[in-house]
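A.B. asks: Just need the whole structure built from these sequences, with the hints factored in.
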Amino acid sequence: MVVLEAKPDDRPTTGPAHSADGKRGTGRKEPRSPVRWALLGVLFVVMIVPIYLLVVNAFKSQQDILDNPFSIPLGKLTFAHMSAAISSPQFNVIGGYGFTLFLVVVVDVLCILLAGPAAYVIARSLKRRTQLVLLYFLAGTFIPAAAVIIPVIYVLREVGLANTVTGLIAHDVASTLPVSIFLFVGFIRTIPVDIDHAATIDGAGRYRTFWTIVFPLMRPAVVTVLILNSIGIWNDFVSPQILLSPSSGHYTVTTAIYASISQYSTDLTKVFPNLLLAVAPVVIFFIYMQRHIISGLMVGAVKG
Amino acid sequence: MSGPQRLGRRRARLRETAVSLGMIGPAVLLYTLMTVVPVGVALYLSLTDWDGFSTAAFIGLDNYKHLFDDPSSTDAWYVTALVAAFGTALMVGLGLVYALALKAKSRTNSFFRAVAYFPHVISALILGYLWAAILGTNGAINNTLAKFGIAPVGFLFDEKFALISLIAVIVWAGFGFNVVLFVAALQTVPAELLEAAAIDGASRRQTDLRVVIPMIAPVVTVATVLNLVGLIRAYDIVVSLTGGGPAGSTQTFTYLILARSFEGTKVGYATAQAVFLMVVSAVLALLVTALRNRQDQAATGG
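Here the protein sequences come in this chain order: A and B.
With our numbering applied, the first sequence corresponds to residues 275 to 578, in that order.
With our numbering applied, the second sequence corresponds to residues 1111 to 1412, in that order.
Possibly wrong hints are sitting among the right ones.
Stated by the list, open to error - Just the calculated beta-carbon pair ranges, DEER-fashion:
hint, chain 1, residue 1, chain 2, residue 2, range
1, B, A1167, A, Q337, 54 to 64 Å
2, B, V1263, A, A312, 47 to 57 Å
3, B, S1216, A, L491, 27 to 37 Å
4, B, A1167, A, P466, 26 to 36 Å
5, A, A472, B, R1120, 20 to 30 Å
6, B, G1355, A, R565, 20 to 30 Å
7, B, D1172, A, T474, 50 to 60 Å
8, B, V1207, A, G477, 54 to 64 Å
9, B, F1168, A, Y481, 42 to 52 Å
10, B, F1221, A, S521, 24 to 34 Å
11, B, L1117, A, A413, 48 to 58 Å
12, A, G477, B, Y1174, 28 to 38 Å
To be verified - DSSO-like, lysine-lysine: derived pairs with alpha carbons at most 27 Å apart:
hint, chain 1, residue 1, chain 2, residue 2
13, A, K350, B, K1257
14, A, K401, A, K544
15, A, K544, B, K1213
16, B, K1257, B, K1270
17, B, K1175, B, K1376
It is worth saying that the hints were derived from the structure and are not from the lab.
All C-beta atoms in this analysis are idealised placements derived from N, C-alpha and C, irrespective of residue type, glycine included.
C.D. replies: This is the structure:
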């Protein structure tokens, strides 16, 4: 509020603005104003044309892509380049799906296993010390991942995990902990403590109380955290690029794309099919889970 | 209270502490090892001239001094600041315009919101490659222009245009997030306020500027800082869209750290740059927290 009061020059005083005022003032009950549809038209074209080009050109020959990037030459569409990309022996994106999905699942599971109980203890404790632990985790959200990735290499080297999948997973799980714990703590605090007491009276220990009584009630927070972490890990490029060198033989979708396109950037019959393969699963997932994804990522960004 | 009872209670409390430690310990341990220790290592390495192989020599604050007299480092900050400032202004501005157009709850609106938002779930690396194939010398736009006899435009290969292209692609990929954020805030603006404004004879534009936007001002502030913090870390999209070129004109600070200093085995200097980036991010992120606290206070009527 304060911010806005300090801006007296918000008022539209120019001539054209006034005439626009009049027009929109009369049309306020009418949502189909031409301005609105022009705005939405521009939005649609600008957002969708790149995806249209991606899809169409994945099924065209190099010559057709160069000559007529926007056209759909019905007779000359070919699946050859797509199938070549699917079965490519080098930097295979489909192979990248498998490894990336494996990473996503393992990191998601480990993150929940570590963040859940930790958040439960933090949320239920009244001690100052425990609250300091929460601050300790929160400090992690201030650290840009790209800035610590270099020293992480040397830490992993010390513990014998340099250039290993285990090392990458350890780093990825650690990077998901701060926001996950923060979101979990916030949510657990909304669950009445009486439920815990009832479980304790019935003889359940703390682990059991958490996993069988509290955890099932945390579904919305867990969904948010899973979406946030899954999309983050799936799209992550810096960590696998720096922590898993090509000699490890493992490629995520992003590092496979990086390796293949930096090698064949002028061969558009390799670029477009590979990019389409990389984008397709995410877009399909997005279309199905749209509402969850949008609200999950928003909560994660704003609260995290 | 009798002795054995007290002893039993103490033992119970001790067991409870042990269980708590068992629940919280693994997370603390992993986080410490993979995030906190590396920050310490970075601080140490930043005071050395280590190249990643030989033994490191302690050189004090030389790396940090070098940060300010090394032209590639100051240039990278200049580029990063331009990206962050213009990117944020455009993303927040466009976010507000489209949020106002799409705030009503309807199927059409949620479709268009998804259209604006979808690039946010795709890796920036991939979006950069896609746009490189569209804007490149042999890209879709230049090949189409060529058919009309127009010479190719160096969207990505001309020093004048490359930074503009980079910012444009970043805005394309990121403004949808702001749209969704602002729509969520706009939907909490009470209808009575809008009715009151209408009764007072305010036009739609006046209502938007004087009533609606002030109501969501705290969210706009938070979005601004979120965008700033995100953009000063821009890396993936630089790798795929321009590779920092031409002639370093799109080289952001994170790109400089990872692709130049680190690849060039100047590990000590790279970590000094990383520490500096960390400090700048932390200052901006602290700003978010401070603003958010103020927003919470405002929300609770404080």
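A.B. asks: So, for every hint listed, does it hold in this structure?
C.D. replies: Results for each hint:
no., hint, in the structure
1, A1167(B) x Q337(A): 54 to 64 Å, "holds (57 Å)"
2, V1263(B) x A312(A): 47 to 57 Å, "violated (26 Å)"
3, S1216(B) x L491(A): 27 to 37 Å, "holds (33 Å)"
4, A1167(B) x P466(A): 26 to 36 Å, "violated (59 Å)"
5, A472(A) x R1120(B): 20 to 30 Å, "holds (25 Å)"
6, G1355(B) x R565(A): 20 to 30 Å, "violated (40 Å)"
7, D1172(B) x T474(A): 50 to 60 Å, "holds (59 Å)"
8, V1207(B) x G477(A): 54 to 64 Å, "holds (59 Å)"
9, F1168(B) x Y481(A): 42 to 52 Å, "holds (47 Å)"
10, F1221(B) x S521(A): 24 to 34 Å, "violated (46 Å)"
11, L1117(B) x A413(A): 48 to 58 Å, "violated (39 Å)"
12, G477(A) x Y1174(B): 28 to 38 Å, "violated (59 Å)"
13, K350(A) x K1257(B), "holds (20 Å)"
14, K401(A) x K544(A), "violated (58 Å)"
15, K544(A) x K1213(B), "violated (41 Å)"
16, K1257(B) x K1270(B), "holds (24 Å)"
17, K1175(B) x K1376(B), "holds (15 Å)"
Checked against the numbered hints given earlier, this structure breaks hints 2, 4, 6, 10, 11, 12, 14 and 15; the rest are met.
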